[in-house]
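Given next are the chains, with one letter for each unit.
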Amino acid sequence: MIEVTGLSKTFRVHKKEPGLMGSVRSLFQRQWHEVHALKSVSLRVEAGEIVGLVGANGAGKTTLVKCLAGILNPTAGSASVLGSTPWERRDGFRRQIALIMGQKAQLWWDLPAADGFLLLREIYRIPEAEYKRSLEELAETLQVGDKLTTQIRRLSLGERMKMELIAALLHHPRVVFLDEPTIGLDLTAQRAIRDFLLRYREAHQPAMLLTSHYMEDIERLCARIIIVREGEIVYDGGLQEVLSRYAPHKQLSLRWDPAPGEGIRSDLVPASLGEIVSAELGLLKIKVSRSKVAEIASLLLQRLPVADLNIEEEDVGTIIEALIRKQ
Amino acid sequence: MQAWEFRMRYLRLYAYFLRFSMSRSMEFRLDFFFRIIMDLAYYAVGLGFFHILYLHTDSLGGWNMHQMRIFVAGYILVDAVHMTMFSNNLYMLPRFINHGDLDYYLIRPVSSLFFLSLRDFAFNSFINLIFAGGIVVWAVGTYPGTLGASGIAVFLLLILAGALLYYCIHLLTILPTFWTQSGESLHQLFYNLSRFMERPDRIYRGSIRLLLTVALPFGLMASFPARLLLEPFNWAILAQLLAVLTGFLFLISFIWNRGLRAYSSASS
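The listed protein sequences derive, respectively, from chains P and W.
The working numbering numbers the first residue of the first sequence as 969 and each following residue consecutively.
The working numbering numbers the first residue of the second sequence as 268 and each following residue consecutively.
I should point out that these hints are in silico values taken from the structure, not numbers from a laboratory.
Here the structure is a predicted model, which is why all the values come from computation and not from measurement.
There are no misleading hints in this set.
For each label pair, taking beta carbons as the anchor points, the in silico distance ranges come out as: (1) W:Leu-285 / P:Thr-973: 43 to 51 Å; (2) P:Met-989 / W:Phe-300: 43 to 51 Å; (3) P:Ser-1124 / W:Ile-397: 38 to 46 Å; (4) P:Ala-1015 / W:Met-275: 30 to 38 Å; (5) P:Val-1003 / W:Leu-320: 55 to 63 Å; (6) W:Met-289 / P:Pro-986: 44 to 52 Å; (7) W:Met-275 / P:Gln-1208: 46 to 54 Å; (8) P:Gln-1119 / W:Met-275: 23 to 31 Å; (9) W:Arg-462 / P:Glu-1198: 47 to 55 Å; (10) P:Met-989 / W:Ile-319: 49 to 57 Å.
To give an idea of the interface, some chain W residues facing chain P are shown, with a C-beta separation under 10 Å as derived from the structure: (11) Arg-276; (12) Asp-370; (13) Ser-531.
For every residue, glycine included, the Cβ atom is placed at its ideal position computed from N, Cα and C.
When you get a sec, could you build the whole thing from the sequences and use the hints?
As structure tokens, then:
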């Protein structure tokens, strides 16, 4: 559905020195420098997939989404979305995609959502019966049926975002780009939107590319993530595989009732088992290789009078955060 | 058949723009009436200016007072059509380009230029357009000679062509915003240059004339339609008007597409 090869986008921006003199100088002699927003990015997304694009601010996520939606012309590389090059902006292509941006509204501020939907029906030439059906279905799932005739600006942020989602999905796009769809929403609204997206995926199987700063969004929605850093893809794979790749260890914590005066005996817990994080009387924390967790745990259970055993996994979010900043 | 459906679809879209603009324009009352009064003053100044000139002379560039009145009514109509259909949209366009607000227009399977040029219909100016129409009726009605119905119909059509040309040039002064990020000065230039429309083309000679009837065709938007109505029919000026309009339509669509390639969609 989406196929990208070697996509690069370079912006030319001019540097302005601070202060009035800097402004005067830049009037005559402008210093340009290039910002490489995307550096030779390649990826594929199939129908029915929700792929999470993760990265810090300015990492290039939004630029990538905008290139694939046909808004930006890339500097180099190629992309094929539904078989056509997005930035040629063919009507056949545009009729089958949708873009939802949490930061930019598409519906007309002073009008009720229902009016905006009518315009979209005309733009996408949605047949009357199909329009009615999909509006009903979307409004019901998102529980905003009673708000359709309220002016957009009188809606809450969450309700507005739901309307934006309806607006974007009325024409049943086969490829959906979501750029921070839950930004600024409270937890209930975030959850509602996430549930909705999952149900929508189930029913219509579009290819979805999602960017979000909320790890919760990513963890709940995406089986696969792409981590972007400074315009480059540093990871593309399963969400859970991030753990095995970047968190090869799990931490075992063992607690037991120590006999008075007893220390950790190195013959019972040799350093070869793993890295000892902390060892005190009655409490041992040891980092062991992910593949040997079971083996070592049972070994230690035999050797120590363990009362309590805990196997801790590093949090995916924390690992991704670390990857985004720098390994 | 396809072309027909294409046109009908765009007409239906335009009907939506009208509906939406209507419900929004009533929101800001003060602004609504202010603009009506401003433009009526502009019409009065135009008519008054030539009225005073004709107290001192009988003929200007070959036209008597009655003929000049039709010309003035013509350019008022050009202005009113532009103010009603295009002006608000073009006024917003530089901000849209700079703030990255073109995004949603670019993903729709409709001409983005059509959308952005016509989405806001100015109902206050529409009231002025009715006044402008009244001025045309008055100018034609008080004309001592005979003007055939078909001549008047052609005149009105060509005035519309003139308005379209006026829009093209206005847009051309805005499109550099794609590259410069600020189009203010050029925009001002447009308003200054537009004064050339308010004088009959005959007063321009030599290279200035060439400039004002081809490259910056303010000289022909209202003058040529008036000449075609008032003077013996002249194929050459009709052809020139249509050729210049076609040229400008191609030019704006070319530069628009170039601009979109440079569009940087200021990040959210």
